[in-house]
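Number of protein chains: 2
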Amino acid sequence: MNFLEERIVKDGALKEGNILKVNGFLNHLIDVDITRHMALEFQNRYRGEYITKVLTIEASGIALACMTATQLNVPMLFAKKSASLNVDGDIYSAKCYSFTHQKDNHIFVSKRYLEPGDKVLIIDDFLANGQALLALTDIVRQAGAEVVGCGIAIEKGYQGGGDLVREKGYRVESIAIIDEMDADRHIIRFKGDDNIYTINNI
Amino acid sequence: MNFLEERIVKDGALKEGNILKVNGFLNHLIDVDITRHMALEFQNRYRGEYITKVLTIEASGIALACMTATQLNVPMLFAKKSASLNVDGDIYSAKCYSFTHQKDNHIFVSKRYLEPGDKVLIIDDFLANGQALLALTDIVRQAGAEVVGCGIAIEKGYQGGGDLVREKGYRVESIAIIDEMDADRHIIRFKGDDNIYTINNI
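Protein chains in written order, with the numbering used here: chain Y, 1 to 202; chain Z, 1 to 202.
Calculated directly from the structure, the hints in this document are not laboratory data. Each hint should be verified, as a subset may be incorrect.
The list cannot tell twin chains apart, which means a pair is met if one copy fits it or any two copies do.
Each computed DSS-like pair below joins lysine-lysine, with the alpha-carbon atoms no more than 30 Å apart [claimed, not checked]: (1) Lys21 x Lys111; (2) Lys21 x Lys119; (3) Lys95 x Lys21; (4) Lys168 x Lys15; (5) Lys10 x Lys119; (6) Lys103 x Lys81; (7) Lys111 x Lys191; (8) Lys10 x Lys111; (9) Lys111 x Lys95; (10) Lys119 x Lys168; (11) Lys15 x Lys81; (12) Lys191 x Lys10; (13) Lys95 x Lys10; (14) Lys15 x Lys111; (15) Lys10 x Lys103; (16) Lys191 x Lys21; (17) Lys168 x Lys10; (18) Lys95 x Lys81; (19) Lys111 x Lys81; (20) Lys103 x Lys168; (21) Lys21 x Lys81; (22) Lys168 x Lys95.
Input sequences plus hints: build the corresponding full structure.
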């Protein structure tokens, strides 16, 4: 197990409906040490790549994206989920289907802050069905900028979103890829590791 | 002018309805250098205080709070605006009146992550009418924890929220306090500085 997988097993929990809770260090209470560690990991994996901007989507991706941008010494841009930016007029927007709410949501980025020539690293905390990531790549495409790749903390490999994004030609680097988890059996299995680990339920 | 006031004058803009836009470095595109500079400023102003946690509210406060927590080497917790946490059952919630939408919103924090004994520094990007800040202090009070103080990037002094929070006995440290701004005249004035500065309109 790597540092993030270890932390998931130690402090994560499964709840009914096979939901992985990592509220204790990733997306509610933020452990700044592991966040910095993940940022360094993205920097290492994308070493040698020219990156001008980090892009994420509000809200839970912001801390990780901010730390990664700090590490790379480039600005960080976050897409907004509400249309308050609309009042500015000049925005890129993309559809993002929500399986949870079974409807299309939209995300927005001001045209002013994404330009042709930008080399973009997309960062997010979770990758499940890939809809949010694809919406972000669509916004980069609209701007005439280039996606260098994606950096994800936790990919739910069994939901197929990562493969969907990779099949479209994007590089996706996920620190922990979950191949299987089961709240009934209290277990989790990571890609590249045949062991099955016990994890708490809540 | 201090570093943040200079940046507001240089890259901020006023739009009709006396709205200050700082999307270019503070709450859409994030300049990591000025964010780190602000985090260091909060660290300096609260030097000697014992702080165990940084608390903010999603979404635009997260980057600044994350950088401040990194500087202080403590965890960062962000209150959520949607009740998705409700499914966890154990939450603190507080009302937060929105003047924009003229209704009560609620913010949520999981009880698990805020405890009696916590010494909390509340961080946010903007302070206007003070409703969000008061809701955050209310959540800290519910947890039996203590508010050490608040660190704000931009306080709209003329809206009175900062005074309201200070009158309740909380320490509020704002890096830039705007005493006056006027989109028609393209001007802005900061607290403690008699000069009037020209600012762009959009």
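Results of checking the hints against the structure:
In the homo-oligomer, the alpha carbons of Lys21 and Lys111 lie at most 30 Å apart only across protomers (15 Å), although the nearest pairing inside one protomer, at 35 Å, exceeds that limit. Taking the closest pair of Cα atoms, Lys21 and Lys119 come within 30 Å of each other only across two copies (25 Å); inside a single copy the shortest separation is 32 Å, beyond that limit. In the homo-oligomer, the alpha carbons of Lys95 and Lys21 lie at most 30 Å apart both inside one protomer (26 Å) and across protomers (26 Å), since each shortest distance falls under that limit. For the homomeric pair Lys168 and Lys15, neither the shortest alpha-carbon distance inside one copy (32 Å) nor that between copies (40 Å) is at most 30 Å.
In the homo-oligomer, the alpha carbons of Lys10 and Lys119 lie at most 30 Å apart only across protomers (26 Å), although the nearest pairing inside one protomer, at 36 Å, exceeds that limit. Taking the shortest alpha-carbon separations for Lys103 and Lys81, both the intra-copy value of 14 Å and the inter-copy value of 20 Å come in at or below 30 Å. Proximity of Lys111 and Lys191 under a CA criterion of 30 Å is satisfied in neither setting, with 38 Å inside one chain copy and 33 Å between copies. Proximity of Lys10 and Lys111 under a CA criterion of 30 Å is satisfied inter-copy only: 20 Å between copies versus 42 Å inside one chain copy.
When the C-alpha separation of Lys111 and Lys95 is checked against a cutoff of 30 Å, the pair qualifies only within one copy, where the shortest distance is 16 Å, while the shortest distance between copies is 34 Å. For the homomeric pair Lys119 and Lys168, the shortest alpha-carbon distance inside one copy (17 Å) is at most 30 Å, but the shortest distance between copies (47 Å) is not. For the identical chains of this complex, Lys15 and Lys81 are neighbours both inside a copy (27 Å) and across copies (22 Å), given an alpha-carbon limit of 30 Å. When the C-alpha separation of Lys191 and Lys10 is checked against a cutoff of 30 Å, the pair qualifies only within one copy, where the shortest distance is 18 Å, while the shortest distance between copies is 49 Å.
In this assembly of identical chains, the alpha carbons of Lys95 and Lys10 never lie at most 30 Å apart, being 36 Å within a copy and 34 Å across copies at closest. Only between protomers do Lys15 and Lys111 lie at most 30 Å apart by alpha-carbon distance; the minimum there is 17 Å, versus 40 Å within a single protomer. For the homomeric pair Lys10 and Lys103, neither the shortest alpha-carbon distance inside one copy (35 Å) nor that between copies (41 Å) is at most 30 Å. Proximity of Lys191 and Lys21 under a CA criterion of 30 Å is satisfied intra-copy only: 19 Å inside one chain copy versus 45 Å between copies.
With identical chains, the CA atoms of Lys168 and Lys10 are never at most 30 Å apart, being 34 Å at best within one copy and 41 Å at best between copies. For the homomeric pair Lys95 and Lys81, the shortest alpha-carbon distances inside one copy (10 Å) and between copies (22 Å) are both at most 30 Å. In this assembly of identical chains, Lys111 and Lys81 lie within 30 Å of each other by CA distance both inside one copy and across copies; the values are 15 Å within and 26 Å between. Taking the closest pair of Cα atoms, Lys103 and Lys168 come within 30 Å of each other only inside a single copy of the chain (23 Å); across copies the shortest separation is 43 Å, beyond that limit.
Taking the shortest alpha-carbon separations for Lys21 and Lys81, both the intra-copy value of 22 Å and the inter-copy value of 18 Å come in at or below 30 Å. In this homomeric assembly, Lys168 and Lys95 come within 30 Å of each other (Cα to Cα) only inside a single copy, at 17 Å, whereas the closest approach across copies is 44 Å.
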